[in-house]
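Fit chains B, C, D and E with the ligands to the known structure of chain A by using the hints.
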Amino acid sequence: MLKRIFNPSPAHAHGQRSVAVDLRKLSVRFDGHLALEDISLQVEPGLRVAVVGPNGAGKSTLFNVLAGLLLPSAGQVRIYGHAPAQHHCLAYVPQSSQVDWTFPVSVRDVVMMGRSGHLGLLRWPGAEDRRLVDESLARVGLAGLARRQIGQLSGGQRQRMFIARALAQGANLLLLDEPLAGLDIPSQEQIVNILDELRALSISVLFATHDLGLAAERFDRILLLNRRLVAYGSPEQVFSGEHLTAAYGGHMQAIETKDGRLLLGDSGGHAHA
Amino acid sequence: MLKRIFNPSPAHAHGQRSVAVDLRKLSVRFDGHLALEDISLQVEPGLRVAVVGPNGAGKSTLFNVLAGLLLPSAGQVRIYGHAPAQHHCLAYVPQSSQVDWTFPVSVRDVVMMGRSGHLGLLRWPGAEDRRLVDESLARVGLAGLARRQIGQLSGGQRQRMFIARALAQGANLLLLDEPLAGLDIPSQEQIVNILDELRALSISVLFATHDLGLAAERFDRILLLNRRLVAYGSPEQVFSGEHLTAAYGGHMQAIETKDGRLLLGDSGGHAHA
Amino acid sequence: MLDWLLEPLAFDFMQRGLLAATLVGVICAVVGCYIVLRGMAFLGDALAHTILPGMALGYLVSGGQRGALFWWALAAAVVSSLGIGALSRDGRLKQDTAIGIVFAGMFALGVALISTARSYAVDLSHFLFGNILGITNQDIGLTFSVGVLVLLLVWAFYKEFLVLAFDVQLATTLRLPARLLEILLSLLTAVAIVASLQTVGVALVAAMLVTPAATAMLLTKSLPRMMLLAALIAAGSGFLGLYISFYFNVASGAAIVLTCTLIFVLVWLLRRPGVRNAAA
Amino acid sequence: MLDWLLEPLAFDFMQRGLLAATLVGVICAVVGCYIVLRGMAFLGDALAHTILPGMALGYLVSGGQRGALFWWALAAAVVSSLGIGALSRDGRLKQDTAIGIVFAGMFALGVALISTARSYAVDLSHFLFGNILGITNQDIGLTFSVGVLVLLLVWAFYKEFLVLAFDVQLATTLRLPARLLEILLSLLTAVAIVASLQTVGVALVAAMLVTPAATAMLLTKSLPRMMLLAALIAAGSGFLGLYISFYFNVASGAAIVLTCTLIFVLVWLLRRPGVRNAAA
Amino acid sequence: AGVFGASSEGLQVVATTSIVGDVISQIGGQHVEVTVLIPAGADPHGFEPTPQDAAALTSADVVVANGLGLEESLQALLDAQGDKVVYASEGVHALEFDEHDHHDEDHDHEHEGEEGHDHDHEHEGEDHDHEHEGEEGHDHDHEHEGEDHDHEHEGEESHDHDHEHEGPDPHAWMNPQNVKVWVDNIADALAEADPAHAADYAANAESYKAELDALDAWIVEQIAAIDEHDRVLVTDHETLGYFADRYDFEMVGALIPSFSTLSEPSAGELAALEAAIAEHGVEALFVGFTVTSSLAERVAADTGVQLVTLYTEALSAADGPAASYMDMMRYNVSAIVQALK
Ligand SMILES: Nc1ncnc2c1ncn2[C@@H]1O[C@H](COP(=O)(O)OP(=O)(O)OP(=O)(O)O)[C@@H](O)[C@H]1O
Ligand SMILES: Nc1ncnc2c1ncn2[C@@H]1O[C@H](COP(=O)(O)OP(=O)(O)OP(=O)(O)O)[C@@H](O)[C@H]1O
Ligand SMILES: [Mg+2]
Ligand SMILES: [Mg+2]
Ligand SMILES: [Zn+2]
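Protein chains in written order, with our numbering: chain A, 1 to 273; chain B, 1 to 273; chain C, 1 to 280; chain D, 1 to 280; chain E, 1 to 341.
There's no promise every hint is true.
Stated by the list, open to error - Computed spacing ranges between beta-carbons, pair by pair:
#1 L119(B) / D196(A): 51 to 57 Å
#2 L119(B) / R147(A): 47 to 53 Å
#3 G241(A) / R24(B): 51 to 57 Å
#4 T102(A) / A74(B): 24 to 30 Å
#5 D3(C) / W101(A): 49 to 55 Å
#6 A246(B) / L228(D): 58 to 64 Å
#7 L122(B) / N193(A): 36 to 42 Å
#8 L232(C) / P177(D): 37 to 43 Å
#9 N193(A) / L228(D): 55 to 61 Å
#10 V265(C) / R271(D): 43 to 49 Å
#11 G151(B) / E242(A): 47 to 53 Å
#12 V265(C) / H33(B): 54 to 60 Å
#13 E44(B) / A143(A): 40 to 46 Å
#14 G91(C) / L5(D): 37 to 43 Å
For the record, the hints were derived by calculation from the structure and aren't laboratory data.
Quick caveat: nothing in here was measured; it's all calculated off a predicted structure.
Yeah, the Cβ is synthetic: ideal placement off N, Cα and C, and Gly gets one too.
Isolated chain A (complex conformation) (with noise of 0.2 Å):
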């Protein structure tokens, strides 16, 4: 099903070989203090990649130069080797989406929007997008909510809304900046589940998460940030004491436990990796 949804038309396809995210020497700065320094990067296509780091790392600062919202003060970015702006297939679910929720649009209108782009001008939506905005719907477990006037939304079925959207968005590279934060449990493990399903797709995914546990569980490559580039790698290599205290200083370590690594906050944390 997903097949559908996530099939980029002839148009966007990129190289097979072309890099999903490369970044070179990328700087941004803030009236003076770095946000970002010097980070240089080359993400495969169809990976899924955990951006971790402190509050204040740069995290969302990174999301907001790879969607084309913040011009770099240093550096080069590329995107299945265009500019930000210039790569259609991209999808971002910001960290908080500044929307208006008493528009007059209904859940369904909002996940429509993301078909806006493959449209055109002059276009209106097909029986095609209909069924895609209504698999996205499904997927994120709105389907039953598909009327309501956004609204009248909990903070957890807003944040399943744009998922969704992005969804229908049928990007080749998705940014999800925290998506997990409000979600209930059950909520978390649908949007998890769909992660899963991107891999076999060569959907590359960016998702910046708090949660180091379900980091190390689930995702493919771990980015960890804090202002530099910290590591870059897959679980293992980057969840090792001295990188976790270079980026969280001396609040965070990974002990060895009996059933795996776990990563401790200062008194006494619950992430498992």
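Structure of chains B, C, D and E with the ligands alone, referenced to chain A:
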């Protein structure tokens, strides 16, 4: 140190015997559908209560009623014996604050706003207020960013600022609606640790969260909501398979393992109890 | 009753006025829906006022040909739209502030231009309050063409304008030409305003943009239905207002706006919400 | 140069005008800071226009005593503030929409009232463009008293207004009388506007409220400093604008506003931000 | 001469309108230097003064305004000038709005032209010397009590004209007899300010008044060419009240039924006007050069009447057909006669 912050001024002291939160047959109706139905509940003072339940369960709705921002459709609400908007010492950190981040105030100014209620009209903050504000800032680890304009904070830093403001407010009852959402693990630890200190001061806390593991580990009581009140009591009493099924449908189960009870999502969750 | 309805129609100027009021109502209401949804109710009034320097320059340069004035007014509105866009783009100013600054600056420029060239009579009060009774068949033709153009463009860019109004970030990631669309929407607003100048005038055109759309918003939660309702309300107000002006001797622009406002008040009172919010 | 400065001062009306412009600038700038921060730039212009029916009624009822008109204008502005509050309270309408509706409705009412009373000419243009040259010593006295009152109130309620402007929810949980404070702030705005009518007029008073505050906001990130700067900029514009009006024969209200706008543009250009946002 | 300070060239006199300015020149001759505030071609009702205008007023030795509420926008400035302001129309019998025989508000109305043409008896004439002159700001309430219809508005207190429920018609110069009153007022003022040339002023005044009488006679003669029942006037706003009053025309109505251009008609009023035009067989619609009204064009087209442009509020440029008051009146009368004959 927290003694000073949270020591309510005599005018706002409440009899020790009055119940912190007293709900009788509370219902809230939105355009036809009920968000909360027939909730009756007494919370003793000084308890830390985790409010859990799936998205759309009515957690935020409950908090809005308690804060006096929403009038219930039916039923009675008492906070330390007062009607919601009559109670002075209640601090509320909403799930998503709709503030303007370009506002020309520093982090410190925002936290100082928490003191406005105490100062009364025509009085300016004194040395005592400034000290309380500095202590609150230090408590959430923002002392170093006190002079920064609020727009320059990361998502997590913003959340911590609001918690600092609630602390500075010196409330008897703290309403924290998913305050950990978006926080890195060290920051989460910091916040949760504050809760421990509050217990000694008889400050009641209602704390909405989706982290059932945290709820079970660090809270005195669990309030499990799903439109109706599913269960209220100690973590052991509340986190039974029966209750979880009632709240989350078939998607959540309590499984006994060798190192405690594990709360599992459909396809393998990761929360401990 | 029938007499009551037919008597005004015996006058040519009433026939023209009713036609113009209906046309303008529909145009403004449809464009107004986007304005209300974007939280830019101010934009209508502001753009309307920024037209003044254009009109003043137009008088000076073209010696007051009516046809030329339309284009001068439009040019001024476009310049203002671009100015507002430039000011609010980098995020240092909120959009409402940017609008306020441009609006006041342009209007002041207009007043200054008029005050320096004193030997001609700019018909300021007509400009402010419209002159629906003095409308010509050409004016109606122009309004009609403008109306068709505006409605066609709204229809053509419906989904793009929707995304733009709802979520600008999304528009950018969808590679919609956000900036261009924004300018186009401002342009549509400007065109709607210039087309309305004859009927209700600068001072009141804001009402035609905002009030019907807001009334419709109270009645439905679907955008297409909102547009339809707003158009109906606006056209109805134009019609009814002109009759009121005829029978009760009230200035016509004011009568139209007051009718519109009255309909809003009625709807607002009758459709009270189920939920009560405490102090907000 | 000194001559250039002193010559206008030889005229009593210039002395009075400069004093009035400075006073009004300070009042508007301080109140304007809150308006800009609350994202309600529209409010100033809207309240200014809603004064019209009050003025019209005042003419009719009180026979046009100047002193009485002040109170009529104020009453109309208060009624409008309350109306805006009532409309936006239950959350069905955004505040800008509520403002737009009330503004247009009230203005239309004013136009209708004036148009029904035919035999006298209400001096609409004064009302629109001010008449700083005809200001009397009593007017200045009134403006001064109003100014002192406004500044005192802003000082007294500084922290409450701050909370209100920043976070209404917080105001409610702090048991601040949010609704009352909101009305008080609208009232201050209304008073500031009525006090400015003589100097810059309804059409341009919005500029005095918004532009200096916005300029100051570009220069500082602290509210007290923002207020101080705004007051300085506004007072300076008033002064400079009147000189420009004197030497270049431009209508004074317009000259003041244009000066103000020019200062804004300069600041805006000189203080470009370090960060560049792509399309927004 | 600049507007700052008196020059040596003579008495500095500021006139508000070009028409007033012309009359002053006729009387003052080479002894006065006349500055006109509201330039030829501009509408006096909506005129906006600048500081230069205020400075000119302040520096002048004598300021002459029409009064009767014409100089709406200058009033506050005039009030501030004190005694040196002379209201030329002071002493003119002012027409009130309701003294015009307008079409009624409803649509079937009789126009009995007789009523309202001679109303002198209702008014105690021009001798309302008010206790308070000049400075504004006194409370005018007492005037509204008691003698509720003395709206004669001698200059000094005409600043509150616009506060009245019923204001006077300011367009006094449309009757040359009224301009004779102007002449007296102006000559007195000039003589008082410049006693040295008082005799010249008096002589000039007398000869100009004779010219005015000749003009009056000429107009009466011209008007004779118009049939009695064709003597109907429709104007843009109420500009020709004094003219109609003097020469026995009937004022059928005005597009803007107000003494000021700062107003607008309702649909009902316009309908009534068109009905009246049809009923009276009106042949021409007279509009001033200072008003650009598409409304006039529409009504003219709809009712099939001729649109005739007159100089009503201001003179033409110096090389135009109405460079002086005399020329203006001759131009207007010729145009009216031409249109209605
Ligand atoms: N617009 C801005 N102006 C100035 N500084 C900013 C701006 N946005 C973010 N910053 C700063 O840049 C740094 C990175 O912020 P960013 O939001 O990218 O962090 P993050 O990793 O997403 O944090 P979180 O986990 O809390 O969401 C922070 O120090 C923040 O204060
Ligand atoms: N303003 C509103 N109008 C109508 N329905 C609403 C409104 N606010 C919330 N609801 C509905 O009420 C229910 C409870 O919402 P609430 O926000 O209280 O849930 P929650 O438990 O806080 O969820 P989450 O965990 O996602 O934050 C939901 O079904 C939601 O759709
Ligand atoms: Mg972030
Ligand atoms: Mg919630
Ligand atoms: Zn006139």
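Tested hints:
no.: 1; hint: L119(B) / D196(A): 51 to 57 Å; verdict: 55 Å, holds
no.: 2; hint: L119(B) / R147(A): 47 to 53 Å; verdict: 48 Å, holds
no.: 3; hint: G241(A) / R24(B): 51 to 57 Å; verdict: 53 Å, holds
no.: 4; hint: T102(A) / A74(B): 24 to 30 Å; verdict: 25 Å, holds
no.: 5; hint: D3(C) / W101(A): 49 to 55 Å; verdict: 51 Å, holds
no.: 6; hint: A246(B) / L228(D): 58 to 64 Å; verdict: 60 Å, holds
no.: 7; hint: L122(B) / N193(A): 36 to 42 Å; verdict: 58 Å, violated
no.: 8; hint: L232(C) / P177(D): 37 to 43 Å; verdict: 41 Å, holds
no.: 9; hint: N193(A) / L228(D): 55 to 61 Å; verdict: 57 Å, holds
no.: 10; hint: V265(C) / R271(D): 43 to 49 Å; verdict: 45 Å, holds
no.: 11; hint: G151(B) / E242(A): 47 to 53 Å; verdict: 34 Å, violated
no.: 12; hint: V265(C) / H33(B): 54 to 60 Å; verdict: 29 Å, violated
no.: 13; hint: E44(B) / A143(A): 40 to 46 Å; verdict: 42 Å, holds
no.: 14; hint: G91(C) / L5(D): 37 to 43 Å; verdict: 40 Å, holds
Hints 7, 11 and 12 from the earlier list are contradicted by this structure; the remaining hints agree with it.
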